[in-house]
Amino acid sequence: MIQLQSGPVEVGGVTLRNHLILAAGVLGTCGSSLARMLREGAGAVVSKSIGPEPRSGHAGPCLVVLEDGVLNAMGLPNPSSDFRGELDQLKGEPVIVSIFGGNPDEFGTVASWFVDSAAAFELNVSCPHASGYGAQIGTNPDLVEACTAAVSRFHKPVWVKLTPNVTDITTVGIAAQDGGANALVAINTVKAMRISPEIRKPVLGNRFGGLSGKAIFPIAVRCVYELYGACEIPVIGCGGVSSAADVLELMMAGASAVEIGSALRGNPGLFREITGNLYGTDGISPAEIVGCAHD
Amino acid sequence: MIQLQSGPVEVGGVTLRNHLILAAGVLGTCGSSLARMLREGAGAVVSKSIGPEPRSGHAGPCLVVLEDGVLNAMGLPNPSSDFRGELDQLKGEPVIVSIFGGNPDEFGTVASWFVDSAAAFELNVSCPHASGYGAQIGTNPDLVEACTAAVSRFHKPVWVKLTPNVTDITTVGIAAQDGGANALVAINTVKAMRISPEIRKPVLGNRFGGLSGKAIFPIAVRCVYELYGACEIPVIGCGGVSSAADVLELMMAGASAVEIGSALRGNPGLFREITGNLYGTDGISPAEIVGCAHD
Amino acid sequence: MVYLLQKLWGALMTDQLPVIVAITRVVGETPSVKTIFFDRRFDAEPGQFVMVWIPGIDEIPMALSGPDSITVQVVGDATRVLGGLLPGDMIGIRGPFGNGFSPKGRILAVAGGVGAAPLLPLAQLYPGLTFVLGARSASDLLYTNFLKTCSDLMIATDDGSAGYHGYVAGLLRDMDLSCYETICVCGPELMMKSVFDLLDAKGVLHNGQFSLHRYMKCGVGLCGSCCIDPDGFCVCRDGPVFMGDILRNSELGRHHRDASGRRC
Amino acid sequence: MVYLLQKLWGALMTDQLPVIVAITRVVGETPSVKTIFFDRRFDAEPGQFVMVWIPGIDEIPMALSGPDSITVQVVGDATRVLGGLLPGDMIGIRGPFGNGFSPKGRILAVAGGVGAAPLLPLAQLYPGLTFVLGARSASDLLYTNFLKTCSDLMIATDDGSAGYHGYVAGLLRDMDLSCYETICVCGPELMMKSVFDLLDAKGVLHNGQFSLHRYMKCGVGLCGSCCIDPDGFCVCRDGPVFMGDILRNSELGRHHRDASGRRC
Ligand SMILES: Cc1cc2nc3c(=O)[nH]c(=O)nc-3n(C[C@H](O)[C@H](O)[C@H](O)COP(=O)(O)OP(=O)(O)OC[C@H]3O[C@@H](n4cnc5c(N)ncnc54)[C@H](O)[C@@H]3O)c2cc1C
Ligand SMILES: Cc1cc2nc3c(=O)[nH]c(=O)nc-3n(C[C@H](O)[C@H](O)[C@H](O)COP(=O)(O)OP(=O)(O)OC[C@H]3O[C@@H](n4cnc5c(N)ncnc54)[C@H](O)[C@@H]3O)c2cc1C
Ligand SMILES: Cc1cc2nc3c(=O)[nH]c(=O)nc-3n(C[C@H](O)[C@H](O)[C@H](O)COP(=O)(O)O)c2cc1C
Ligand SMILES: Cc1cc2nc3c(=O)[nH]c(=O)nc-3n(C[C@H](O)[C@H](O)[C@H](O)COP(=O)(O)O)c2cc1C
Ligand code: FES
Ligand code: FES
Chain A
1 MIQLQSGPVE VGGVTLRNHL ILAAGVLGTC GSSLARMLRE GAGAVVSKSI
51 GPEPRSGHAG PCLVVLEDGV LNAMGLPNPS SDFRGELDQL KGEPVIVSIF
101 GGNPDEFGTV ASWFVDSAAA FELNVSCPHA SGYGAQIGTN PDLVEACTAA
151 VSRFHKPVWV KLTPNVTDIT TVGIAAQDGG ANALVAINTV KAMRISPEIR
201 KPVLGNRFGG LSGKAIFPIA VRCVYELYGA CEIPVIGCGG VSSAADVLEL
251 MMAGASAVEI GSALRGNPGL FREITGNLYG TDGISPAEIV GCAHD
Chain B
1 MIQLQSGPVE VGGVTLRNHL ILAAGVLGTC GSSLARMLRE GAGAVVSKSI
51 GPEPRSGHAG PCLVVLEDGV LNAMGLPNPS SDFRGELDQL KGEPVIVSIF
101 GGNPDEFGTV ASWFVDSAAA FELNVSCPHA SGYGAQIGTN PDLVEACTAA
151 VSRFHKPVWV KLTPNVTDIT TVGIAAQDGG ANALVAINTV KAMRISPEIR
201 KPVLGNRFGG LSGKAIFPIA VRCVYELYGA CEIPVIGCGG VSSAADVLEL
251 MMAGASAVEI GSALRGNPGL FREITGNLYG TDGISPAEIV GCAHD
Chain C
1 MVYLLQKLWG ALMTDQLPVI VAITRVVGET PSVKTIFFDR RFDAEPGQFV
51 MVWIPGIDEI PMALSGPDSI TVQVVGDATR VLGGLLPGDM IGIRGPFGNG
101 FSPKGRILAV AGGVGAAPLL PLAQLYPGLT FVLGARSASD LLYTNFLKTC
151 SDLMIATDDG SAGYHGYVAG LLRDMDLSCY ETICVCGPEL MMKSVFDLLD
201 AKGVLHNGQF SLHRYMKCGV GLCGSCCIDP DGFCVCRDGP VFMGDILRNS
251 ELGRHHRDAS GRRC
Chain D
1 MVYLLQKLWG ALMTDQLPVI VAITRVVGET PSVKTIFFDR RFDAEPGQFV
51 MVWIPGIDEI PMALSGPDSI TVQVVGDATR VLGGLLPGDM IGIRGPFGNG
101 FSPKGRILAV AGGVGAAPLL PLAQLYPGLT FVLGARSASD LLYTNFLKTC
151 SDLMIATDDG SAGYHGYVAG LLRDMDLSCY ETICVCGPEL MMKSVFDLLD
201 AKGVLHNGQF SLHRYMKCGV GLCGSCCIDP DGFCVCRDGP VFMGDILRNS
251 ELGRHHRDAS GRRC
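Protein chains in written order, with the working numbering: chain A, 1 to 295; chain B, 1 to 295; chain C, 1 to 264; chain D, 1 to 264.
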């Protein structure tokens, strides 16, 4: 397998320590767990999505582990503005704050809380299981553009995280770009469900949830490939990544960096494991790899 | 695990020998392989999708097997009207002919060839990798309604097979219902891609393909659940089914019957294996199970 | 070989959807605590926990008080419904999860209230251990009949209605703890904190093993709701049992986070 | 044990994307046939095939003529590009797929043209077998130098430029075939059909094993493009090698289907 040159990575206005980023919502509610992931070798971390009001999230079960993925419907639990305190211990670290809201104003309000502490914002317009939020915005290009614009005015880098649960992800990517996004993140989870045959009910408290992990990797590759071809701003890949080979594949599809979530289950040392394989002293320039599958 | 009463199954105007149907495009190009699947225990079979002109399909690779699924871009190869000859040996058997076209007229033309030989039509408005066909129709509710109406006029049962690659599958399901569909089939493959890291190119000749098999089962359950809640006509589940438990789960989500494709790889005896587990002398009525997860 | 394959197969090939069990027996332990037995035994270390799905209601973490039982104290909606279930009712179980106790040498178990639940399997596995059992009042003491038969049982009640009058930490203060190589502790946060401080003061904190409670949603180390300061450990995955010295300077007894992640 | 685990692991846990190999050597066998060696050996039975990806062009089925080689006859676009590749060039390999030959007792191999490719590993594995090699002309004969050293080689050429003058079936007609327990055949469809008819006439069809060619797209028994009448067997998965008696009344020598599935 090829290896890459190591060194800081500039993506969407943020300097990452390497190409790997902790995905939003995974071990991202506490400053201390974000700090831990940085210690464990993440090149940057994205927080849990923070919204305009504290939310407890959906009734359980909130998450079940499947043979080849994870199905979750956390329901965007978050401490809202109280999250500011979590970031005190992370001054100067590459922390991207994920935010959500029900309209552009709410996005603006939430962003305003973190102008001093976030290296960038990631807009969650893609969570498939929280009514009024997430994908309910992210399937409407006009709203995506407006929400992005509402956050862009803080003159911090804005990443917009997209849902694959749309007919054409590129129209949403272009809307985000038009709203002033500095990067696109693809993908959030794929809307899905499992049913308990004995109970005869959906297993998730919220019935519907989002599929992540290995099962969605080929969908993520496709979305990154489509967005890279259609948009000018960098794409950050996400979905089912669990090895250095997966990182390279997403980069070849067009990802400038890669987020990792579900694969951390049972393996908090994964970032270091992957960077160990991904980088080498004879590594080639990442620029040679990003999007090369399009040539 | 619960078991079902065995016996013929009436779904969408067709009498199936059991709840299991061979999915379109899998071992469905020859009359002899369709007959074989019936011998192997399928309750009915759907043919390869037949179109207005013969097509050779995409350049290879057309299909790769993944850890938890299959990625294909066959490109709708089909012998067009010559397919009539394949059905000679299948008179009176439960054979559903899958058809596709680029507009309502083409759907009508293709259907007209099989009015005497098909037990029903399944409209492929969902293949994610054939330009001008399949999902390019199936993402437009008006076109779906028109194509369905164009085939309905033959007074044969019409099943419409839907793509999950849309923002809201229920709007397309309702359009099909409005066009006169007797049943909905959900889902076709999920648009996806894999890249060969060494070659630095997508592995499929067509670059984009469709993901099937285990990986998409939770997406299929979700789509069936959504359609069952939104539509009046029966839903036939499809996607990642490989066991009797999967069949029951899709039925609880709302499926009146279930199609199986990828899981037949290496296991042509799967239909018999599943019916062996699915039915029992003390089995309960299927009516008790279909859609029960909605209660 | 077959075993290994099963493990491999199990690990690789199985969806970890909740395993549905039927309740076989419900035993009232105290006015507000019931032990619920079900028709399936789970292979767990003492101290591991499961996520219990009460269909239609919620899913909550519970220690296994035996291979086929949980012991539930009614404190809110989910526990109320759980405590009201009857034989034949079905619940879902995910797990066992986390790291249990790592007993070696002479063992002291220190339980407060329903914190006795994860310690019960320890008493079953290591008869002869010393068991310090605390509760508000005599009627709140758990498992005393059983514990009497197999352990060196010492009792403390807040109101003095049985055993030592006062908190568990008070009882421990007068004991020689240096003879225990393993001191397993589970109970309400403040009780654990006082035991923690006591062990620290007595210089035996490194022998302490504390089973923590934090708000849990996923149970598998992903959602982050159970993480503790300052190291960001997941109680569900890195715990729930932590060695005493790892918890020095931790949030134990200082703060925790609620369902939304707010500190309280 | 380790082996078994590897198999299990391999079967369960590996994406079967094309394995990329680099070409190490290209040997011109005849004016239109080349053997291409690559830097990786595949574990295959004689008669199994692989799907060969020529990036940017197509993917086509090819027998393995050795653990690390294919022997390609140029007949169209993909084979032309493949035949023009040089050492260092990369191709992708999926497989090996299908069921190979099942040799037992005395073996007779009957090859026509590039049909010798899947039979070559048989000659390597079973030295001393009888090998009937047919081709249009002396210059089209494959592997003769090697086959001379390890087999009882008999040659037939359509134009009489070497060996028997005429078709392979003609040569076989005069032989006593009853002494062979296994008769493995591969070659152009009509050559196979005449051998098939001859074996049938001689009453030894049940000893015949025929390696069929049909249009293949997936190689794994899903797409249906390689299915044969009247039983609907997949040549890629149930074959490519079929026992003679299974093919009685089959489409062999009568019709096949093109890339679109039309009979021709
Ligand atoms: C590892 C672990 C093991 C536990 N073992 C036991 C046991 O053996 N027996 C027992 O009775 N209780 C046990 N608990 C506590 C039990 O999970 C809570 O009492 C229960 O979740 C309360 O739910 P409720 O809906 O009845 O109460 P609510 O009204 O929802 O809440 C009451 C209080 O319970 C706690 N709580 C609620 N939901 C959760 C949750 N998902 N995770 C953690 N805490 C929560 C909160 O502190 C809350 O303030 C354990 C907790 C943990 C973390
Ligand atoms: C199991 C099997 C093993 C084979 N082994 C060898 C071998 O060892 N050496 C060798 O030279 N050839 C072998 N072939 C034949 C080889 O696959 C075809 O010659 C090749 O696919 C032609 O491709 P093309 O693009 O060059 O020709 P095209 O111009 O595309 O077609 C020429 C003819 O080749 C056949 N063909 C084309 N594509 C395919 C395909 N995907 N599957 C099957 N046939 C096809 C058709 O009959 C077609 O009419 C084998 C075929 C099969 C099915
Ligand atoms: C438990 C869990 C919680 C998540 N929470 C969020 C969230 O708050 N905001 C968000 O944008 N994405 C969230 N996601 C989605 C992930 O960030 C990621 O997009 C998705 O899981 C796919 O990546 P993966 O396969 O590497 O997990 C969550 C995923 C999981 C599994
Ligand atoms: C090789 C292959 C070919 C297919 N061809 C068609 C087709 O022609 N028409 C169609 O509607 N669906 C086609 N499909 C989709 C399947 O019918 C089915 O919807 C999908 O594979 C999901 O089911 P599964 O997971 O059981 O395979 C094809 C799938 C595969 C794997
Ligand atoms: S409960 Fe989710 S990380 Fe611990
Ligand atoms: S090549 Fe696809 S079934 Fe044989």
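Keep in mind that the hints were calculated from the coordinates and are not lab data. No experiment lies behind these values; they were computed from the predicted model shown. A portion of the hints provided could be inaccurate.
[Unchecked claim] Some, not all, of what chain A presents toward chain C, calculated at C-beta under 7 Å:
1. 63
2. 67
3. 78
4. 102
5. 104
The beta carbon of each residue, even a glycine, is placed where N, CA and C say it ideally should be.
Query raised in the report: Can we keep the residue 67 of chain A interface hint, with Cβ of chain C closer than 7 Å?
Result: 5 Å, holds
Query raised in the report: Taking the closest Cβ pair, is residue 63 of chain A under 7 Å from chain C?
Result: 4 Å, holds
Query raised in the report: Once the shortest beta carbon distance from residue 102 of chain A to chain C is found, is it less than 7 Å?
Result: This interface hint is violated because 17 Å lies over the 7 Å limit.
Query - Agreement of hint residue 78 of chain A with chain C interface, Cβ distance less than 7 Å - result: 6 Å, holds
**Report entry** Per-residue hint verdict: residue 104 of chain A, partner chain C, C-beta under 7 Å
**Finding:** Violated: closest Cβ of chain C sits about 24 Å from residue 104 of chain A, beyond 7 Å.
Violation of the numbered hints given earlier is confined to hints 4, 5; the remaining hints are satisfied by the structure.
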